[in-house]
Amino acid sequence: GDQGDVTALIERRSDAELAELMENLGGNCVQTMAETFAAIDHDRPTCILAYTIKGWATPIAGHKDNHGGLMTKAQMADWQSRMGVAEGAEWDRFAAVDDADGLRAFLAKVPFFSRFPRRFADDRLEVPQINAPADREISTQLAFGKILGDLARDKGALAGRIVTTSPDVTGTTSLGAWVNRRRLFARQAQPDAFIEHRIPSTAKWEFSPEGQHIELGIAEMNLFIQLSALGLSHSLFGERLIPIGTLYDPFISRGLDALNYACYQDSRFILAATPSGITLAPEGGAHQSIATPLIGMSQDGLASFEPAYVDELSEIMRFAFEYVQRDGSGEPDERTWLRDETGGSIYMRLSTRALEQPNRKMTPELAQGIVDGAYWLREPGPNAQVIVAYSGVIAPEAIEAVGLMAEDRRDVGLLAVTSADRLNAGWTAAQRARERGLVHARSHIERLLGDLPPHCGIVTVIDGHPATLGWLGAVHGHRTRSLGVEHFGQTGTIADLHRHYGIDAQGIVAAAEMIAPGRPIRHLKAL
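Residue numbers for the sequence shown follow my numbering, beginning at 1 and rising by one.
Do not take every clue at face value.
[Claimed, not checked] As a list, the in silico EDC-like pairs of lysine to aspartate or glutamate whose alpha-carbon atoms are at most 16 Å apart:
1) K73 - E87
2) K73 - E90
3) K361 - D135
Derived by calculation from the structure, the hints in this document are not laboratory data.
All of these numbers come straight from a predicted model, not from anything done at the bench.
Turn these sequences into a full structure, and let the hints steer you where they fit.
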């Protein structure tokens with residue numbers, strides 16, 4: 001009905017004039033946007049909210065179906081006419097531009113084109129010796145912190161380009177030693193308020209423009225956005241940085257969208273996710289992670305590792321510092337059938353569970369197996385009835401189970417899987433190569449399992465989703481039972497939870513008996 005002044009105001013305009021008045025919001029106006037950008041006279045981060053109408057200036061502007069809808073031929077012809085684009089010139093770069101030569105000349109002189117190339121590059125940094133901590137019993141998380149702490153003393157180029165960052169868990173992910181020595185970043189120097197006010201603390205939080213740690217609030221999405229930006233520094237600015245981000249493993253899911261786009265943009269960074277799994281037993285279900293090994297396997301551009309021991313971790317970190325700097329050809333390495341020369345980012349799933357460390361020498365063969373994804377901790381014999389393949393800190397239970405089974409069976413094998421991701425990727429790549437006629441193609445896991453007799457069973461076990469290793473039986477057609485964690489929420493000791501989920505030594509033995517029955521196992525009878 002008639003609403004007086006409002007109706008009069010509306011009726012004074014045609015439909016087209018009313019639409020222009022009500023719908024041409026600031027975000028649709030190129031002149032307004034240009035003036036807004038030009039008005040910014042500083043280099044501080046600035047957020048501009050541009051209010052827009054979806055599909056602006058088209059006949060279907062603002063229509064609820066226009067996200068997936070197409071204009072009709074008649075609508076397209078009308079819109080093309082109003083835009084001043086001649087028929088047949090739809091793909092001309094400067095269609096409807098009156099002064100095309102002038103625009104070309106202008107674009108050639110803007111800084112983006114005239115002063116710089118689109119993409120930069122930087123030389124690779126030499127990776128120093130990465131030494132494993134000598135502790136007899138230690139967790140991979142603590143060892144990670146000690147390795148970074150040692151690097152903080154290094155005067156080399158790589159240590160000077162490392163930038164660490166964490167969403168409010170700097171201390172609890174073992175970055176303390178690194179931060180104490182390399183300080184926190186701030187645009188202007190700031191004193192440590194705790195020291196200034198004589199409040200006791202083991203952490204020295206001194207802020208400086210030379211600082212190499214960026215402290216975030218509880219915001220995992222921000223972490224991955226920042227890692228993405230830092231990891232493109234060599235490409236955007238010609239100065240390489242080595243970003244290292246730490247967070248609690250279960251909260252990777254909070255920032256998955258940003259992580260995916262970081263990898264999509266070929267950003268290079270190292271992600272240390274810790275603590276992980278149900279070995280964080282006393283803290284309850286909220287901090288336990290189950291699906292993250294599968295995320296590591298499925299995320300393109302991200303190579304994931306899960307070491308059990310610190311000598312494995314040191315080799316993985318050495319590889320990681322080199323891998324994130326690679327930018328070579330896409331040709332696969334015929335040893336693994338992985339495209340390692342292209343490089344990428346690295347995800348390490350670490351744990352707070354302290355393990356007794358093996359007393360062994362790091363041979364070139366062992367180091368290569370660790371990086372390639374697996375090695376035999378106990379090589380099976382020719383008549384093996386069963387092998388156990390484990391990943392991560394479930395190692396003591398796997399070792400104990402193999403010891404129990406070895407009393408009643410012969411040739412039991414124990415496979416240490418340091419990267420289910422790289423093993424699986426190499427296997428599928430080798431299969432594709434054979435399909436293309438490269439009949440000699442064999443992946444690392446195919447060679448490792450190649451001598452197992454057909455009747456041999458495989459028990460896989462991980463402190464994570466059992467599907468992570470469940471595919472191993474398909475490599476050569478061996479019967480497989482995969483153990484792991486499929487439900488969260490339980491609280492107790494590590495032993496309690498391992499028993500509850502059937503991933504303790506007795507659970508592994510019981511699974512082996514189901515897929516590869518042997519003589520009665522007295523330990524299983526006792527259970």
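Status of the hints after comparison with the structure:
no., hint, in the structure
1, K73 - E87, "holds (13 Å)"
2, K73 - E90, "holds (14 Å)"
3, K361 - D135, "holds (15 Å)"
Taken one by one, the earlier hints all hold for this structure without exception.
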